[in-house]
Amino acid sequence: MIPHQQLFTLTIYSEHCVGLLNQVSIIFTRRCLNIEDVSASRTSIKGIHRLTITVWSDRDTMDKVVKQIEKRIDVLRAFLYTDDDIIYQEIALYKVDTAKLMKEQYLESLIRHHGARILDITPDFTVLEKAGQPWETEALLEELEPFGLRQFVRSGRVCVTKSSQEPLNIYLQEQELRHQALEMRQSTTENND
Amino acid sequence: MPETITGAEALLKSLVEEGVDLVFGYPGGQILPVYDKLYDYRSSIRHILVRHEQGAIHAAQGFARVTNRPGVVIVTSGPGAANLITGLSDAQMDSTPLVVISGQVGANFLGSDAFQETDVVGITQPITKWALQVRRAVDIPAAVARAFYIASSGRPGPVVLDIARDAQVGEIEWTAYKKLNFIRSYNPRPTVAPADIVKAAGIINAASRPLILAGHGVTISGAETQLAALAEKAGIPVASSLLGLSAMPSGHPMFKGMLGMHGNIGPNYLTNSADVIIAIGLRFDDRITGDTARYAPQAKIIHIDIDSSEFNRNVRVHSAIHGDARDVLMQLIPLIEPASHEGWAAEFDRLNSIEDEKVITPELSHGGPLTMGEVVDCVSRSAADGAILVTDVGQNQMMSARYFRFACPRSIVTSGGLGTMGFGLPASIGAKMGAPDRTVCFFSGDGGFQMTIEELGTIMQYGTPVKMIILNNNFLGNVRQWQELFYGSRFSQTPMVNPDFCMIARAYGIKAEAVADRSGLASAVERMLAHDGPYLLDVSVASEGMVFPMIPAGRCVTDIMLSRTEMFDPGQSHD
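Line order of the protein sequences matches chains A and B.
So the number in our numbering is just where the residue sits in the first sequence, counting from 1, plus 35.
So the number in our numbering is just where the residue sits in the second sequence, counting from 1, plus 69.
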């Protein structure tokens, strides 16, 4: 029986160091899991970096993957979400022929209807931008295809959690306390020596 | 005023600060600045020149396993580092602390396919606990401190420092060395949750057929005393994994044998009768569980491990206790009610006595050619208490694990998870250097011996007094066994034409003798053990020898072969 497959979103918080993405991606490679998309960025906390990865898999496999990722020394925490747990977006850019686009009489309503915006217009090409969920950027893609779509790119998913708890902050506070306890124990030992 | 020194010297000073007095290595172009400085440090750091980098890392593994300290390896860039891959992977699987230092081309050559450049961090990340490239001399002391902390804490493992030439020749103002004891993203000694202890104690106190599975984690955490205390207090039989051997003396009344494909019948078979299983520092390897769908179906499993990623990884557990095995047992034992499960414990002895009759006695009193079991038995009986068993991989490994008797902790050095042929010879060198007062008996097959045979040169150079016993059947015996049992006796590429091993040993100045039959065995073993120096015994054993009992791969732990034709039948329990 094949376990239930669904799209998972992982957010991985780590130190900002060389080779971190490789350390994470090899865990997917070992289990032959295909990463759908990935984005990396800084976080609200200085020095801490964040990867957001989406992958189709089953719950049991992903629970193991998360623990193996957290086992990497430079990883602080990793969290596993399904779409219900998060608010997520991605951004898409579309480069189309300006001449063909201008012939479209409903151009303005098309752009407005999709909530897209124009980033750049040259006599040769026009660049549109749309943020949204995958099906939304996909829908605009289909409408623009007749206009000679020259380039299309979609970013990886970015997300924030719906929960009011901030587990990373809690984790960092715990680590700070652990550090203080270690220092205190050390200075006590030194004083006793 | 702080003293200005090179990165190479800072590296050696840092090693000294970490208590390192022995390293295994092989010089080369991009590590020359370190080797040059090592010349000045030769009175504080002893360097063992191996004959191949793979030998260096297996020797360091042997050292680490008997001393509980990180083994240190120094190699050059490119091929030097690439030759370590097998050992890194082996150490990662078997939780062995190593600090590996590799030279690297100059920082401005990185990525240019410079001579002897290879992407060491990239290729070692999947098989190490941590790997780092160091490009500046000033970063060396902190990198070394971090490496030793990571390698030796928590679940130990191999760590790689890839040190670019610039960092070795660059200068640094040496200030007081600071050992590391904190990394915010890494907690190697988690606080044990009292609720987990209470829950587990409740399960154990209610058990009528409890069984302890002792893994390598017992040895790593130094929990041998606590293991025995728990077993004795609650009357719980103990079985061990291959790497868990010697955590409890072989002769302890609660010790019921080894688990696994070629383990003892009592513990394997009764795994599926136990109502509670307490697994301590053990990762439910497939060689132990067989078919996980039919593994311990009626047992509540309590899993104690320092590595929480092992929980529910291979089998589902009912109670996971995250922590150091010793910490956990010390908190658990006071909550355990004294108990005895005599009928249950006797069942292990009853099943093991069937193994004695059907497997062990025939192996030890075989009328024909010498068997592997009787050679191991003879050496084990003659060797001093506290002898260390080092094995290679294959039938020699299973036979020596089965027939060698262990008196004290840290007495087995073997490649468990990775199953690395060629591991044993260099590992025996490192084990002897780590425990010079203990006898080191190294058993090998004729195949594995030739995989790292060049390390006889290291034994010669340092006069390392290891006792080497080749169980020579002129076959790759373990593969041969599978071919006979599962591939219709089609012996594809397993017969071997071997050299005269004694002549090779003598060429290295090592005393050696061949043993062809039973009458010469005991006296040859006596001479080997009495000799003050390295010694090789090339023992001819039956080429068709088989390791039994055997649970074929993927079968249930109760499906046990006693011989080519007979399956185990438990008979009637006296309960």
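What the hints contain is simulated information worked out from the structure, not anything from laboratory work.
Each hint should be verified, as a subset may be incorrect.
Beta-carbon label-pair distances, calculated as ranges [to be verified]:
(1) B:S451 - A:P202: 52 to 62 Å
(2) A:I80 - B:P71: 32 to 42 Å
(3) A:E71 - B:E301: 17 to 27 Å
(4) B:E301 - A:R220: 51 to 61 Å
(5) A:L217 - B:A176: 33 to 43 Å
(6) A:I80 - B:N250: 16 to 26 Å
(7) B:E301 - A:T196: 19 to 29 Å
(8) B:D182 - A:I61: 21 to 31 Å
(9) A:Q221 - B:P259: 10 to 20 Å
(10) A:R220 - B:R115: 52 to 62 Å
(11) B:T260 - A:D119: 27 to 37 Å
(12) B:P366 - A:W91: 50 to 60 Å
(13) A:Q221 - B:D418: 46 to 56 Å
(14) B:W551 - A:L212: 47 to 57 Å
Only pairs whose alpha carbons sit at most 30 Å apart, straight line, appear in this in silico DSSO-like list of lysine-lysine [as the list claims (entries may be wrong)]:
(15) A:K102 - B:K580
(16) A:K197 - A:K102
(17) B:K268 - B:K106
(18) B:K268 - A:K81
(19) B:K369 - A:K81
(20) A:K106 - B:K248
Calculated Cβ distances over 10 Å to all of chain A for the following chain B residues [what the hints assert, rightly or not]:
(21) H116
(22) Q185
(23) I219
(24) W243
(25) K427
(26) G488
(27) G557
(28) P564
Here a beta-carbon is modelled for each residue, glycine too, at the ideal position from N, C-alpha and C.
Quick rundown of the hints versus the structure:
{"no.": "1", "hint": "B:S451 - A:P202: 52 to 62 Å", "result": "holds (60 Å)"}
{"no.": "2", "hint": "A:I80 - B:P71: 32 to 42 Å", "result": "holds (34 Å)"}
{"no.": "3", "hint": "A:E71 - B:E301: 17 to 27 Å", "result": "violated (54 Å)"}
{"no.": "4", "hint": "B:E301 - A:R220: 51 to 61 Å", "result": "violated (32 Å)"}
{"no.": "5", "hint": "A:L217 - B:A176: 33 to 43 Å", "result": "holds (34 Å)"}
{"no.": "6", "hint": "A:I80 - B:N250: 16 to 26 Å", "result": "holds (23 Å)"}
{"no.": "7", "hint": "B:E301 - A:T196: 19 to 29 Å", "result": "violated (49 Å)"}
{"no.": "8", "hint": "B:D182 - A:I61: 21 to 31 Å", "result": "holds (23 Å)"}
{"no.": "9", "hint": "A:Q221 - B:P259: 10 to 20 Å", "result": "holds (19 Å)"}
{"no.": "10", "hint": "A:R220 - B:R115: 52 to 62 Å", "result": "violated (34 Å)"}
{"no.": "11", "hint": "B:T260 - A:D119: 27 to 37 Å", "result": "holds (33 Å)"}
{"no.": "12", "hint": "B:P366 - A:W91: 50 to 60 Å", "result": "violated (32 Å)"}
{"no.": "13", "hint": "A:Q221 - B:D418: 46 to 56 Å", "result": "holds (49 Å)"}
{"no.": "14", "hint": "B:W551 - A:L212: 47 to 57 Å", "result": "holds (54 Å)"}
{"no.": "15", "hint": "A:K102 - B:K580", "result": "violated (51 Å)"}
{"no.": "16", "hint": "A:K197 - A:K102", "result": "holds (22 Å)"}
{"no.": "17", "hint": "B:K268 - B:K106", "result": "violated (56 Å)"}
{"no.": "18", "hint": "B:K268 - A:K81", "result": "violated (40 Å)"}
{"no.": "19", "hint": "B:K369 - A:K81", "result": "violated (45 Å)"}
{"no.": "20", "hint": "A:K106 - B:K248", "result": "holds (22 Å)"}
{"no.": "21", "hint": "H116", "result": "holds (28 Å)"}
{"no.": "22", "hint": "Q185", "result": "holds (21 Å)"}
{"no.": "23", "hint": "I219", "result": "violated (6 Å)"}
{"no.": "24", "hint": "W243", "result": "holds (22 Å)"}
{"no.": "25", "hint": "K427", "result": "holds (39 Å)"}
{"no.": "26", "hint": "G488", "result": "holds (18 Å)"}
{"no.": "27", "hint": "G557", "result": "holds (32 Å)"}
{"no.": "28", "hint": "P564", "result": "holds (35 Å)"}
The structure fails hints 3, 4, 7, 10, 12, 15, 17, 18, 19, 23 (numbered hints given earlier, in ascending order).
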